[in-house]
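A.B. asks: Residues per chain, in single letters:
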Amino acid sequence: LSYRILIVDDSPAMQGIIARVIHLCGLAVDKVLKASNGSAALSVLENHPVDLIVTDINMPQSSGEDLVRHLARHERLRSIPVIVVSTDSTDSRVKQMMGLGAKAYLPKPFTAEQLKSTIEQVLGAVHA
Amino acid sequence: MPSASISGAGVVDAPRKAAAKPVSERFAGNLPKCLEDVLSTMFFAGVIGEISGGFDPDAPFFCAVVSFSGSVNGEMGLAIPMDVAADLAADFYGGDEGLEDRAVEYAVCELANIVCGATLSRSAPSAHVELTHPRLAEEPFLAGSQVRLFELMDGAVALSYRFDPE
Numbered sequence: 001l002s003y004r005i006l007i008v009d010d011s012p013a014m015q016g017i018i019a020r021v022i023h024l025c026g027l028a029v030d031k032v033l034k035a036s037n038g039s040a041a042l043s044v045l046e047n048h049p050v051d052l053i054v055t056d057i058n059m060p061q062s063s064g065e066d067l068v069r070h071l072a073r074h075e076r077l078r079s080i081p082v083i084v085v086s087t088d089s090t091d092s093r094v095k096q097m098m099g100l101g102a103k104a105y106l107p108k109p110f111t112a113e114q115l116k117s118t119i120e121q122v123l124g125a126v127h128a
Numbered sequence: 001m002p003s004a005s006i007s008g009a010g011v012v013d014a015p016r017k018a019a020a021k022p023v024s025e026r027f028a029g030n031l032p033k034c035l036e037d038v039l040s041t042m043f044f045a046g047v048i049g050e051i052s053g054g055f056d057p058d059a060p061f062f063c064a065v066v067s068f069s070g071s072v073n074g075e076m077g078l079a080i081p082m083d084v085a086a087d088l089a090a091d092f093y094g095g096d097e098g099l100e101d102r103a104v105e106y107a108v109c110e111l112a113n114i115v116c117g118a119t120l121s122r123s124a125p126s127a128h129v130e131l132t133h134p135r136l137a138e139e140p141f142l143a144g145s146q147v148r149l150f151e152l153m154d155g156a157v158a159l160s161y162r163f164d165p166e
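Protein chains in written order, with this note's numbering: chain D, 1 to 128; chain W, 1 to 166.
It is worth saying that the hints were derived from the structure and are not from the lab. Hints are not guaranteed to be accurate.
[Claimed, not checked] So the derived label-pair ranges between C-beta atoms look like this: (1) D/Leu24 - W/Ala143: 36 to 44 angstroms; (2) W/Pro22 - D/Ala72: 34 to 42 angstroms; (3) W/Met82 - D/Arg4: 15 to 23 angstroms; (4) D/Arg69 - W/Ser71: 18 to 26 angstroms; (5) D/Gln61 - W/Glu166: 25 to 33 angstroms.
[Stated by the list, open to error] Sample of chain D residues with no beta-carbon within 10 angstroms of chain W, all distances over it, derived: (6) Ser2; (7) Cys25; (8) Ala28; (9) Lys34; (10) Ser39; (11) Glu46; (12) Arg76.
[What the hints assert, rightly or not] Calculated lysine-lysine pairs in the DSS-like style (CA-CA distance at most 27 angstroms, straight line): (13) D/Lys95 - W/Lys21; (14) D/Lys116 - D/Lys31; (15) D/Lys95 - D/Lys116; (16) W/Lys33 - D/Lys116; (17) D/Lys95 - W/Lys33; (18) W/Lys33 - W/Lys21; (19) D/Lys34 - D/Lys95; (20) D/Lys116 - D/Lys34.
No residue lacks a Cβ here, since even glycine has one placed at the ideal position from N, Cα and C.
Generate the whole structure from the sequences, applying the supplied hints.
C.D. replies: Here is the structure:
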């Protein structure tokens, strides 16, 4: 089993860091795709099925919240697990995103080990 | 540092009591620890302490500014000498040497974004605040702002911030 993972972040630096951790964490990864906001992510998903989405919230034009809401409305997409990474660690935001269907919420700053562990837990739970 | 919340397995952080102080005061108090957490966690750098001088605004630097709006409004700037920024960015990206300026700028912008967002979350845990995409600035300090200087293991970083009246 190898995974296709979509990273959604408007920061090229964060896209790179998350991709690096994914490649280093020993997961069997078939492909890492990137998008810079929620609507760009949906465009990617039209042609590329993925096993996991790692998304920021606060992005220009279309946020991570928009993306998670959209995924929840579509039968083909709602089963894709979503990990939210954000500097916003307020309780209300965490509860909101988890309530919308995110499988995990990882506040920034995070260590590579925390991201790795979160990805493994989410993928492990989905494919258990 | 907050832990991850995982559906069905993790625990959402316990509610944090907010003191009656204005957010701007709590932000000022939380800033040193947040800066230290971000630098040590994601940039593998240490903060020696807050200093009253040692940042040369005439030397080449990168400055990234993040504005925030919502329950509280204002902006925060982070200025860092170019050579220090290059070292931090190399550690951030995993030891890449000879990064292009653009890659260093991205790392500085992300550093500013995380420091600002994390400090606001810690200072106003029940607030709803949106951050803008970080932008580069030509001046090292925001006009009319509070300026704080921090000594790193190799260099210094300047943080300036201002809040609209609450």
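A.B. asks: Please go over all the hints and tell whether each is borne out by the structure.
C.D. replies: Going through the hints against the structure:
1. D/Leu24 - W/Ala143: 36 to 44 angstroms: holds (42 angstroms)
2. W/Pro22 - D/Ala72: 34 to 42 angstroms: holds (37 angstroms)
3. W/Met82 - D/Arg4: 15 to 23 angstroms: Check failed, 38 angstroms falls outside 15 to 23 angstroms.
4. D/Arg69 - W/Ser71: 18 to 26 angstroms: holds (22 angstroms)
5. D/Gln61 - W/Glu166: 25 to 33 angstroms: holds (30 angstroms)
6. Ser2: Correct as stated: the minimum Cβ-Cβ distance to chain W is 23 angstroms, above 10 angstroms.
7. Cys25: About 13 angstroms separates D/Cys25 from the closest Cβ of chain W, which puts it past 10 angstroms; holds.
8. Ala28: Answer for D/Ala28: holds, closest chain W Cβ roughly 21 angstroms.
9. Lys34: Correct as stated: the minimum Cβ-Cβ distance to chain W is 13 angstroms, above 10 angstroms.
10. Ser39: holds (15 angstroms)
11. Glu46: holds (25 angstroms)
12. Arg76: Given a closest Cβ separation of 21 angstroms, the condition holds.
13. D/Lys95 - W/Lys21: Satisfied, since the Cα-Cα distance of roughly 25 angstroms is no more than 27 angstroms.
14. D/Lys116 - D/Lys31: It holds: about 16 angstroms lies between the C-alpha atoms, which stays within 27 angstroms.
15. D/Lys95 - D/Lys116: Satisfied, since the Cα-Cα distance of roughly 22 angstroms is no more than 27 angstroms.
16. W/Lys33 - D/Lys116: holds (24 angstroms)
17. D/Lys95 - W/Lys33: holds (25 angstroms)
18. W/Lys33 - W/Lys21: holds (18 angstroms)
19. D/Lys34 - D/Lys95: Roughly 26 angstroms between the alpha carbons, so the hint for D/Lys34 and D/Lys95 holds.
20. D/Lys116 - D/Lys34: holds (18 angstroms)
Figure legend: structure checked against the earlier numbered hints; the only hint not met is number 3.
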